[in-house]
Structure formats: structure tokens, C-alpha cells
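> One letter stands for each residue in the lines below.
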Amino acid sequence: MPGSSANQPTTSRLASILTDIHFWVPVAVLMGGLLLLRFIR
Amino acid sequence: MLPVISTTTPPAIPDVTRSKKLQLLGILSGFAAGAWLGAAEAPTKLVSIGISPMVISLIMVIGVFLARWSLPALILGTASVRADVRRAPHLVIWALLAGCLWAVANTLTIYAIRDIGLSIAFPLWNSNSLLGILWGFLFFNELRQAGWRRLAGVLGGALVMCVGATMLAIASSSGHASAAHSLNGVWAALGAGILWGTMYIPYRKAYLTGMNPLSFVTFFSFGELGMMSILSVSSLGLAPLWHELLSARSVIFWLMLGGFVWVIGDIFQQYAAKYVGISRGIPLSNSNQLWGLLWGILVFGELHGRGSSIYLEVIGGSLLMMLGVAAIAFSSATGQEQSRWKEAATRESDRYNVAADFVEARMDGRQLLGEAKPSRGVLDWLLVIAATSVFVIFAAMARVPQMSLHWGPAALLTGALFFLLITCGLSLWRTTRFN
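Protein sequences, first through last, are from chains A and B.
Sequential numbering of the first sequence, starting at 1, is according to the working numbering.
Sequential numbering of the second sequence, starting at 42, is according to the working numbering.
Among these hints, one or two may not hold up.
[Said to hold, decoys possible] Not the full set, but computed from the structure, chain A residues with beta-carbon under 7 Å of chain B: (1) His22; (2) Pro26; (3) Leu30; (4) Ile40.
It should be emphasised that the hints constitute simulated quantities derived from the structure, not laboratory data.
Think of the CB as a built atom: it goes at the ideal place given N, C-alpha and C, for glycine as much as any other residue.
The shape of chain A in the complex, shown without the other chains (with noise of 0.2 Å):
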């Protein structure tokens, strides 16, 4: 499968995650969730 994903080093798919805005708003979204929902309990 030429150009897949797969193929991609694990190193550099991980690299292009942690860069990824799209990776970050909704972890920071779930991470406030957590926090109120512990604020609220």
C-alpha cells in the first residue's frame, strides 16, 4: 500500500499527533470536562 499510513514511522505519525491542533482543543475540552465535573460532584 504505497503512501499509507502504515508506512509511516511510528515516531513521526506520534510527532505529527502531538502537533496536531485538532489532537489538542478536544483533549483540553475533556480535561476541563473532567475538572467540572469533579467541581460539581
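Chain A is already provided as a structure; the job is to place chain B on it using the hints.
Below, chain B alone, put in the same frame as chain A:
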């Protein structure tokens, strides 16, 4: 079973007719999603014994988990799911994230309803569609170069739906004991809306990268069940949770059935997000509130004997919801906007090294030339049999509640559900083979 190589599907060619067909398919999926998501409330209304809301949510999620694995196995086969993950393994992280966001949002709604009541809480978390529009615009080029008429149609439609939702929520909760107003409840409802609105970032990312909605939901369910289990155990403790589950065994079937119905709606919602984007797909599927109210009023007689002003609120709210849905449905994406979607898809395929022809074919609802045709194997049938068996076992334990139901409207609404299921399911199959 050996995979069959597809030789019949032509390569993706820009085609205006097909593009319009996919837009219509997305809108139809949004309608079907609203109907099935709204109907998911019906089985849960049969449960009237005192079980903790957290346990109710957990049991529904278990039903959801079973459905999310058995339905994709039945429709496409798990080989197709594995092939999707091999092409874009990074998306598993986003599927898990989306599942976690859903579980936390769902738990927050429980506290919101407890503290401020459904009438205030529902419109607050229903604002998720507005956030979905914002994320779609910022991150995925949605509504870019859409023109003022379409932009106004989508934004105006979503706002009108929020007003309609407010009227319906006020009407549906009138007569109930008023909940203690609390700032905590407002924060919980707003938080749920933000979490649900942000959950659509992973959805859109997955579908722009070519992942099949049926593959995405299988991994989503791990995040959902994992987070829900952690929240339930941390809230109640393991032993009390187990005790509550045991004492609820006579109603587990109804709650799991609610979860199952919800999954069918959610699968349509995923296809809506794929073909019309989150800015249009999410408001359309938010029409579930209207369907939920129809079940409540017509089948369960919830507003029976109330004043005419309540009925006026219901009719007014319903008309506004329908007006908003129509405004969004008539604001489908133009060719210019769709080329901006393709730019976002190209950015994703470049970043994660996913084959561009695969992404293009999947955006067009096609299989790649030479791609293995989905087929079901022994594992798929085992999954279907196992999930069905669990449902049959709990159905045998289930107690039929003593309730007065209006069977005529129930049959009519069920007929409408199956009509939408068959119409939308057949259209998806004929146009995309569920790609």
C-alpha cells in the same frame, strides 16, 4: 472468507450530479438520525424504578457498545474495519477521544437536569450545534465561500432550532416539580454542550481522511464504555455499582434497547457529518428533540390534561424546529465550498501520509479501484450471535412494565422510523455501499 477484489468501481471523477446526490444523502441521513436518536428515549421511559442515573447511563452504554460492534460486523464485516485502521491508524486516538467526550458530556447532563431542570438545561447543551458550526468553519473549511445566502441559512436555521428547542423543553417540563436553580447546573449544561460540540472535531477529521463511519464508531465505543465505567465506579464504588446492576436486571433490556436504537441514529448522524459536514449534519440530527417529544406526547400521554398554552408552545416550538431544519436542508454546499473541503482533506492526507486517491475515493463515497470488497467472516457472525444472545438473555429477564400506552401512535411512529431506516439505508447502500 477470502476478501473479494473489487473491479467494478470506477476511479473518482469530479461529478456534479454525484456531488448533489451525496449532499441529498447527507441531508436524508440527518433526518433519519433525528428520528432514531429521538426514538431512543422511548424504551427508557418504560423504566420507572429508582435506579441511579449513572447506572442507567452505564447500562445504555453497554447496549451501545454491543450494537456498535455487531452492526458494523453485520453490515460490512470486521475485515473492513481492520483495513480502515491499517490505512489511518492515527484516527483510533480521535475515535477514543470522541468516545470519552461523549461519556463526560452525558454524565454532565444528568447533573444539569437534576440542578436546573430539563427546560433550562436542554437549550443550553443544544448549543453544541453552534459550536460544531464554529469548529467546522475554523478547522475544516466548512461554509467557506458558501455565499451569504447559504451561510445565513445554516446559521439562522441553527439559531431558530435553538429557539424552537427552548420552547419544546419548557413545554415538556412544565408541571414537573421545579428543580433547584443552581449555577452548577448551568455550568454542567454548558459544559455538556461544549463537550458534545467539540466531539464533532474527531468525527469530521475521520471522514475527511476517508475512514468509514462504521469503522470509526467501533473504536469510539471503547472510549465511551471505558470512560463511563471509570465515572460510574469512581462515583458509586464497585460493590454498590454491582449491587445496583443486579437489582436493575429486570429493566436492563429496556435500557440496552434504548442504547441500540440510539446507535442506529448515531450511525446515520455519522453519515450526515461525512456527506454534509458537521455544520449542517449536527443541527439536522438535533431534530431528535422533536421526535422525542412526539413519542412522549402521543405514545406516553405526557402532556395529557395540560392547558392549551402548553400545546401552543409545543406546536410553536415544533414549527420553529422544522423551519430551522428546512433552512439548513436547503443550504447544501456549493461546488466552491466543496473544493475547500477537499483542500482540508488534502491537508490531512499529507500530514498523516494517507494515500490521496484513497481519501478522494472515500470522500466521494466510493471504494478505491482494486480495494478488497467488504465481506463477512466467521468472527463477524460470532460477534452478531454474541450480541444477539446478550439481548435475548436480558429480554428473558425483563419485566413488562404496567403502563398505559397508546399503541396506534406507537405503531405510526415505529412505521415512520422503519420507513426512514429503509429509505436512507437503501440510498446509502445504492450510492456508496456504506462507504
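> Could you tell me which of the numbered hints above are not met by this structure, giving the numbers in increasing order?
none
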